[in-house]
Amino acid sequence: MTVALAALAAILMVPGASLYYESGAGAGCTRCHEMNASYDMWHGSSHREVGCPECHGGAFTPELAFHWNNASRVYYHLRGEVPAQIRIRNIDVLKMVERCQECHRQEYAQWRAGPHSADYSRIFTDKTHNTNRLLMDDCLRCHGMHYEGGIQELVSPLDRSGPWRLLRTELAGRPTMPCLTCHGVHRHGPLLRKAGVDGRVEGPKQELNRPSLAFYDRRTQSHIPVAALPLPEMLEGERAVRMSRDQRQALCYQCHAAEASRQVGSGDDRTAVGVHEGISCLSCHLKHGQKTRASCAECHPKMSNCGLEVETMDTTFRSAGSKHNIHWVKCVDCHPKGVPKKKENSQP
Amino acid sequence: MPRKNGPLKRRGFLEAALTAAASSSLVSCGRAGGGAYWRFFTAAEARTVDAICERIIPADDCPGASEAAAVNFIDLQLTRHYKKHRDAYRQGIAKVEEAARERGGKVFAELAPEQQLEVLAEIEEKHAGFFALIRAHTMQGYYGDPRHGGNREEVSWRMLGLPSPPVRGRVPYETKAG
Amino acid sequence: MALKHVNAVIVGSGAGGGVAAKELATAGLSVVLLERGKFHSPAGCRKDDLRNQRTSALGNGFGPGDERNPRVLVDETGKERIVLASEGGYSNNAACVGGGTFSYGAMAWRFMEKDFRMKSTYGAVEGSTLDDWPLTYDELEPYYEKAEWEMGVSGDDSANPFRAPRKRPLPMPPLPPNREYEVLHPAAKRLGLHPFDIPMLRNTAPYNGRGPCMRCRWCVGFACEVDARTGTHNTVIPAALATGNCELRTECIVREVLVDNRGRASGVVYFDAEDRRQEQTADLVIVSGGAVESARLLLNSKSRLFPNGLGNRHDWVGRNLQSHTYSGAVGLFNFDTYDDLGPGAQIAICDYNHGNPGLAGGAMLANEFIRLPYQFLDYAPAYVPPWGPAHKEWVRKAFRRTIVVIGPTQEMPIFEARVQADPKVKDYWGIPVARLSGGKHPHSIEIARFMAGKAEAWLKEAGAARTWRRQPSRGLSGGQHQAGTCRMGGDPKTSVVDKYCRVHDVDNLHVIDASVHVTNGGFNPVLTILAVAYHAAGHLAKTWKNTRGRV
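Residue numbers (this note's numbering), protein chains in the order written: chain P, 2 to 349; chain C, 59 to 236; chain S, 9 to 559.
FYI, nobody ran anything at the bench for these hints, they're computed from the structure. A portion of the hints provided could be inaccurate.
As the list claims (entries may be wrong) - DSSO-like mimics (lysine-lysine), calculated; alpha carbons at most 27 Å apart, straight line:
1. K142(C) with K434(S)
2. K46(S) with K142(C)
3. K405(S) with K184(C)
What you are looking at is a predicted structure, and each value in this text was computed from that prediction instead of being measured.
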């Protein structure tokens with residue numbers, strides 16, 4: 002009898018907690034102080050019209066684990082075991098991708114088609130990488146930053162001989178860099194200034210920094226808003242590189258980062274020097290797809306000074322095997338004896 | 059568009075029913091007087107501690123300990139690693155309030171900054187143990203890692219010009235070569 | 009059910025135990041390696057500036073925990089108190105796989121020839137048990153080299169004319185100089201000193217399958233997230249496990265070493281991760297728990313034949329607890345010296361290790377490791393008020409403009425600086441805890457004061473606008489460089505182990521860690537611990553006569 006009653010109470014309680022949170026367009030959520038900060042940030046964000054259940058699930062979410070989690074949160078709350086900071090779990094981050102795309106379909110499609118949607122098996126069981134470099138926890142800083150746990154609980158074996166397999170098979174097809182890598186939904190703040198404040202045209206399709214732009218920092222397990230992220234001052238030898246002030250690039254630099262020497266091209270850095278020096282990453286790389294095809298045409302006339310089509314010149318833009326990296330190509334790479342004067346009739 | 063405020067308007071019934079069903083302690087932890095929430099401190103104690111912290115690391119053109127939420131750090135840690143200091147805080151705060159009443163006839167947080175400094179100088183002298191404790195904890199809450207509840211928005215690290223998270227790439231290497 | 013008998017059980021997986029495990033396992037002995045802490049991965053211990061092995065405001069990052077592992081500290085006035093693991097006075101090193109080498113700064117010094125012959129060099133020092141090692145530098149040199157090449161050391165000491173002779177250079181070059189290096193190097197030259205690049209157990213190039221240092225700001229005290237810093241946890245212990253002959257058991261607290269009725273060690277009793285009492289029998293027992301815990305274990309291993317504990321027939325176990333008397337100076341500059349590049353410590357001089365008039369030794373001086381903001385507060389000078397606007401202003405101004413030069417002064421060991429098993433206080437498992445008592449020899453303080461002056465002179469020459477000294481403390485020395493409690497010597501009456509780290513009166517019991525150090529050099533001791541471990545465990549593997557059949 003007691004057992005039956007307890008079971009009944011449990012069944013009622015489980016969605017009950019979810020319902021309780023959900024009540025009042027999310028205002029119910031704030032009744033627990035551990036959720037206050039998140040609620041306040043959401044309430045000041047561009048998603049403030051999107052209620053908690055739209056993203057987090059609600060009373061009618063047909064998933065027992067979700068309700069169980071809510072119920073246990075209430076339980077811990079009542080016991081006074083208050084977490085220092087509510088942190089989103091990897092599983093929720095991955096679910097969020099699906100919820101984001103319900104509205105942001107185009108962005109989702111672009112991201113899906115681009116390199117930043119690479120999944121766990123592609124990143125962590127790549128033979129070429131793993132035979133050359135050791136898998137380590139630091140990989141997770143940029144790939145799988147939301148993943149809880151260490152590399153040794155994710156991939157096996159951690160050596161160079163392989164064959165490698167994911168220990169968490171459920172992650173195989175899931176993205177390592179989901180929406181919440183570069184977006185903090187709960188982040189608010191003033192709109193940032195438009196890029197290219199020095200009058201430079203950085204690309205006609207630019208838009209304002211969205212207030213949601215934020216990098217998920219694995220170390221502190223929190224989103225750092227883009228305005229607060231450092232934009233490094235890069236060097237080419239001793240020379241300070243002229244850099245676009247487009248603050249959105251600070252997101253890119255978190256992972257496409259140079260070594261401690263801050264030298265252009267070191268580590269994973271792709272700061273433009275040479276003919277493209279001073280332009281923002283986002284002038285060529287579209288945000289969600291990182292696609293650069295057709296981006297040349299945004300600035301270039303079809304023909305270059307020498308009568309070659311810019312897209313067919315010998316650079317990595319045309320072929321990955323080229324020795325002229327599009328990020329660093331200089332005029333003298335092709336004109337070792339000096340750069341010819343601009344032709345009068347070079348306009349198309 | 060304004061926030062859809064007022065849960066009672068839209069889901070009033072649901073809300074009321076749930077509130078009734080839920081444990082009363084759930085309700086009691088609601089947002090009291092629009093202020094913050096405390097795990098260990100009473101609202102009054104938190105106000106005092108916050109004011110002490112701010113005198114220890116005051117705001118200038120950079121935020122002080124109050125804006126960095128040092129009190130939140132202390133409150134949180136008093137439920138964790140600093141449980142052992144609970145009595146010291148409870149008694150220490152009482153001493154501060156006692157001294158504040160004697161000097162200004164008000165609670166510490168309402169005294170003028172100069173008077174607060176006088177009170178703290180007295181505490182530093184007469185209750186050196188407590189003062190050393192709250193001084194150290196304020197420093198930790200201000201200069202320490204934000205994950206512990208202080209250094210909100212990494213204000214102190216920004217003041218010191220420490221990029222966070224730092225931009226730091228790894229050296230690409232071929233392990234075969236090594 | 010009884011555990012399977014093995015050839016060797018090793019207690020502790022730090023610098024000494026890790027190397028011993030690898031040497032014995034590769035020689036074909038079956039080995040059980042017991043560690044009281046966990047096998048951390050860098051991901052399991054995020055960079056926390058208030059909870060790490062150097063700043064333990066919110067607890068130790070890598071053990072031991074506060075709850076179960078108290079110690080008793082008797083101060084100089086004879087007052088005793090219980091200290092928790094994260095509190096000052098505990099003399100903590102670490103409790104995790106790799107021990108101190110998991111989170112240390114990784115300076116990899118060879119001691120100098122005179123460091124092994126302190127008494128012959130300086131004569132007896134009153135009130136000190138100063139003595140020569142039974143080992144010479146020349147005997148240990150091949151093992152220093154083995155440690156450097158097998159584990160991987162970077163740096164360049166070719167510009168150090170005081171270094172002991174080496175047959176082979178270091179396997180990896182030093183890191184490019186940081187700003188502190190650039191400021192201090194010419195200044196040292198102007199003073200006629202001989203600055204050079206600190207040797208470090210840190211990859212600066214791919215080595216042993218691990219990549220190079222990325223120079224982050226979370227170095228000493230933290231786990232290395234790119235696994236560029238070298239400890240036993242990512243070198244010899246994996247190598248030992250890979251032989252298939254070694255089993256690592258973590259979270260195992262050893263209560264005592266068992267002896268049979270012939271007076272030979274027969275194994276250990278320990279509590280496993282579930283607090284179950286286990287008995288692991290072995291042909292060989294190797295104690296590698298660090299100077300405090302190794303001594304405590306021997307003292308707690310009492311039996312009819314050894315009523316005062318193992319190896320303690322002449323009351324030398326736990327004696328001569330020493331470490332280093334750190335001192336130095338801080339310089340405030342009118343220009344930025346902080347460049348956010350770890351590990352920070354890069355430049356050193358050995359001009360003052362020996363030959364200081366009237367002083368029995370000295371120290372290496374080096375710039376300090378990179379400092380995080382909270383840690384930096386500790387370097388504030390006396391003229392800055394401890395709180396309020398002036399303090400904040402000072403931190404703000406000085407954080408990026410401060411260089412610290414410090415050095416580990418070689419200590420004069422004293423008999424009364426000691427570890428005992430406390431008669432009353434027991435830990436969580438009911439084992440008597442370590443009772444620490446004693447202080448420093450006055451001459452250690454005198455040398456350290458001298459070193460602080462030299463550090464200050466160097467900073468002044470480098471252009472510091474203001475300087476202040478970091479004076480040595482008088483209290484008992486222990487901490488991460490703890491050493492000396494199971495002295496190595498030829499005479500069983502005045503030492504605990506022989507030159508191969510074997511306990512004098514128990515021929516199958518060894519102590520392989522810094523406990524055996526007679527003196528601790530004017531250097532960070534890890535490379536010497538590793539070299540002695542290679543020497544002792546290598547010798548043991550070669551000479552051990554199999555009694556029950558090797559695996």
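Hint check results:
no. : hint                 : verdict
1   : K142(C) with K434(S) : holds, 20 Å
2   : K46(S) with K142(C)  : holds, 26 Å
3   : K405(S) with K184(C) : violated, 31 Å
The structure fails hint 3 only (numbered hints given earlier).
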